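Kindly produce the complete structure, drawing on both the sequences and the hints.
Residue-level listing of the chains:
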Amino acid sequence: MEFLHDLQTYEFLQKAFITSIMVGIICGVIGSFIILRGMALMGDAISHAVLPGVAISYMLGINYFYGAVFTGILTAFGIGAITQNSRIKSDSSIGLVFSAFFALGIILITRARSATDLTQILFGNVLAVRTSDMWLTLAIGSLVILVVILFYKELLVSSFDETMAAAYGLKVRFIHYSIMFLLTLVTVASLQTVGVILVVSMLITPASTAYLLTNRLSVMVLLAAFFGALSAVIGLYFSFVYNMPSGPVIALATTALFLLAFLFSPKQGIVFRKIQAFNRKKLA
Amino acid sequence: MSDIISVKDISVSYFGKQVLENVSFEFTSGHLIGILGPNGAGKSTLLKAMLGLIPKDKGLIEINSKPINDFRKKIAYVPQRSNIDWSFPITVKDTVVIGTYPSLGLLRRPRKEEKEWAMRCLEQVGMQDFANRQIGELSGGQQQRVFLARALAQKADYFFLDEPFVGIDVSSEEVIISILKKLQSEGKTVFVVHHDLTKVKNYFDELILINKQLIDAGPVEKVFKTEIMARAYESPFLMLKDLEVQL
Chain A
1 MEFLHDLQTY EFLQKAFITS IMVGIICGVI GSFIILRGMA LMGDAISHAV
51 LPGVAISYML GINYFYGAVF TGILTAFGIG AITQNSRIKS DSSIGLVFSA
101 FFALGIILIT RARSATDLTQ ILFGNVLAVR TSDMWLTLAI GSLVILVVIL
151 FYKELLVSSF DETMAAAYGL KVRFIHYSIM FLLTLVTVAS LQTVGVILVV
201 SMLITPASTA YLLTNRLSVM VLLAAFFGAL SAVIGLYFSF VYNMPSGPVI
251 ALATTALFLL AFLFSPKQGI VFRKIQAFNR KKLA
Chain B
1 MSDIISVKDI SVSYFGKQVL ENVSFEFTSG HLIGILGPNG AGKSTLLKAM
51 LGLIPKDKGL IEINSKPIND FRKKIAYVPQ RSNIDWSFPI TVKDTVVIGT
101 YPSLGLLRRP RKEEKEWAMR CLEQVGMQDF ANRQIGELSG GQQQRVFLAR
151 ALAQKADYFF LDEPFVGIDV SSEEVIISIL KKLQSEGKTV FVVHHDLTKV
201 KNYFDELILI NKQLIDAGPV EKVFKTEIMA RAYESPFLML KDLEVQL
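Top line first, the protein sequences correspond to chains A and B. So in the UniProt record's numbering, spot 236 of the first sequence is number 236, and the numbers just go up one at a time. So in the UniProt record's numbering, spot 160 of the second sequence is number 160, and the numbers just go up one at a time.
In case anyone wonders, no lab produced these hints; they're calculated from the structure. One or more of the hints may lead you astray.
[To be verified] Below, computed lysine-lysine pairings styled on DSBU-like, alpha-carbon distance capped at 35 Å:
id : chain 1 : residue 1 : chain 2 : residue 2
1  : A       : K171      : B       : K222
2  : B       : K182      : B       : K199
3  : B       : K112      : B       : K181
4  : A       : K89       : B       : K17
5  : B       : K212      : B       : K155
6  : A       : K267      : B       : K112
[Unchecked claim] Residues of chain A clear of chain B, computed beta-carbon distances all greater than 10 Å:
id : residue
7  : A81
8  : S93
9  : R130
10 : Q276
11 : R280
Keep in mind the model is a prediction, meaning the values are calculated, not measured. Backbone N, C-alpha and C fix where the C-beta goes; we use that ideal spot for every residue, glycine too.
Below you can see the structure in the form of structure tokens.
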């Protein structure tokens with residue numbers, strides 16, 4: 001309860017609170033489409049690949065947003081180029097491209113900044129969110145939510161049956177790269193809160209939890225956003241009260257929610273499935 | 001008035017390997033057309049190339065001498081069952097509603113009218129009682145009927161079905177073929193990739209026979225003959241025996 005009091009008192013805590021909720025929501029929303037399109041690894045790749053962009057922006061003295069978006073998009077195109085123009089399969093080309101970008105990023109950032117900065121970027125420090133970061137996150141969040149609401153229909157059909165979407169004239173490759181672009185924006189917005197390495201947990205885990213609980217995409221997206229936001233607030237709480245790094249706490253919070261759904265989901269949970277199987281046996 | 005759909009000189013290759021070579025044919029609308037050929041003959045590739053879903057080395061597909069791109073929204077595609085993620089979080093009804101998307105265009109959402117229309121299409125294939133099920137909970141035949149309902153919801157003029165009869169029950173097969181015949185009688189054009197030769201004569205009125213190249217195309221009674229079929233299916237023994245029964 002003291003936390004609530006502090007939340008009303010300290011402005012930096014309010015900024016961290018608003019930012020983490022927004023990050024949780026948009027990670028859940030974009031993450032839902034990422035996992036349904038079988039692009040979970042792609043999420044991991046892009047989040048790692050923004051690192052050199054952050055370093056270069058720092059060297060040039062510009063906002064890290066521009067560099068991060070640039071290298072994120074470059075990665076998406078690089079992976080696409082290797083997959084389409086060689087016999088290398090997509091999971092291999094993802095690993096190939098993002099490890100190179102990540103390595104380059106680490107070298108650049110150790111040259112450009114101190115080691116503490118690197119830790120913050122890698123693991124997140126939600127309490128250090130500045131006003132400009134908060135506005136950036138809110139702007140990205142609004143854009144992501146707006147795009148998903150306006151083009152929900154197109155996102156649904158291209159994720160579910162890409163061939164049919166292409167057959168009736170949707171530009172499916174454009175949609176693919178648009179999602180990659182949004183994914184990059186979401187990653188950049190999450191840098192402060194969860195850090196580069198664990199963004200993937202925010203993208204994949206809340207969406208997977210939601211996936212176990214519903215048979216409707218719209219419900220899945222809403223649930224994923226809710227689980228993402230909840231995990232982010234839990235992360236903020238532990239970070240503030242127990243002085244823990246926010247990224248790992250958020251990642252573990254998403255995992256805890258997932259385990260609950262995995263065990264107790266009415267349709268998919270293994271506990272209920274075991275009980276049903278046991279009852280059937282008893283009847284027979 | 002009937003339209004003319006023509007395929008001119010299509011060639012397709014994957015990584016330097018030729019899959020289709022100079023395939024050309026022409027049909028008027030109002031036919032139920034089977035695409036036949038042995039495994040690996042390029043049947044699905046032909047279907048996808050006609051729809052412009054894969055890059056062609058060369059060739060044209062035209063309807064009344066206009067590029068097929070002008071008719072996109074009037075084209076319904078029913079994928080092979082193996083190409084669908086059956087655990088996708090979507091219900092039977094919402095799957096059929098997708099059929100109304102092309103006519104809605106960007107930004108407009110399906111409303112009550114579209115949903116009611118989707119239900120009527122589900123009734124046509126006899127799947128209305130399953131409207132709220134998740135698609136993975138259905139049998140293979142039921143899944144195929146739902147996807148046919150989606151194609152009906154599109155109110156298309158051209159239908160492309162990729163192996164719709166693989167691994168489905170007899171009653172679903174009957175429902176599907178009777179709907180395809182009804183579409184044909186309404187003047188629609190239906191292309192079906194098919195590999196089971198036993199019911200060819202009962203199902204189709206026109207055939208395209210390919211094995212990388214076009215072997216023959218035209219009315220069933222002209223194409224479905226032992227000597228022509230043998231040219232497509234290079235191993236004659238098993239095949240020809242099957243055919244003798246029917247011919």
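These are the hints, each one checked on the structure:
{"no.": "1", "hint": "K171(A) to K222(B)", "result": "40 Å, violated"}
{"no.": "2", "hint": "K182(B) to K199(B)", "result": "18 Å, holds"}
{"no.": "3", "hint": "K112(B) to K181(B)", "result": "29 Å, holds"}
{"no.": "4", "hint": "K89(A) to K17(B)", "result": "18 Å, holds"}
{"no.": "5", "hint": "K212(B) to K155(B)", "result": "32 Å, holds"}
{"no.": "6", "hint": "K267(A) to K112(B)", "result": "29 Å, holds"}
{"no.": "7", "hint": "A81", "result": "15 Å, holds"}
{"no.": "8", "hint": "S93", "result": "16 Å, holds"}
{"no.": "9", "hint": "R130", "result": "36 Å, holds"}
{"no.": "10", "hint": "Q276", "result": "15 Å, holds"}
{"no.": "11", "hint": "R280", "result": "17 Å, holds"}
In summary, the one numbered hint that this structure violates is 1.
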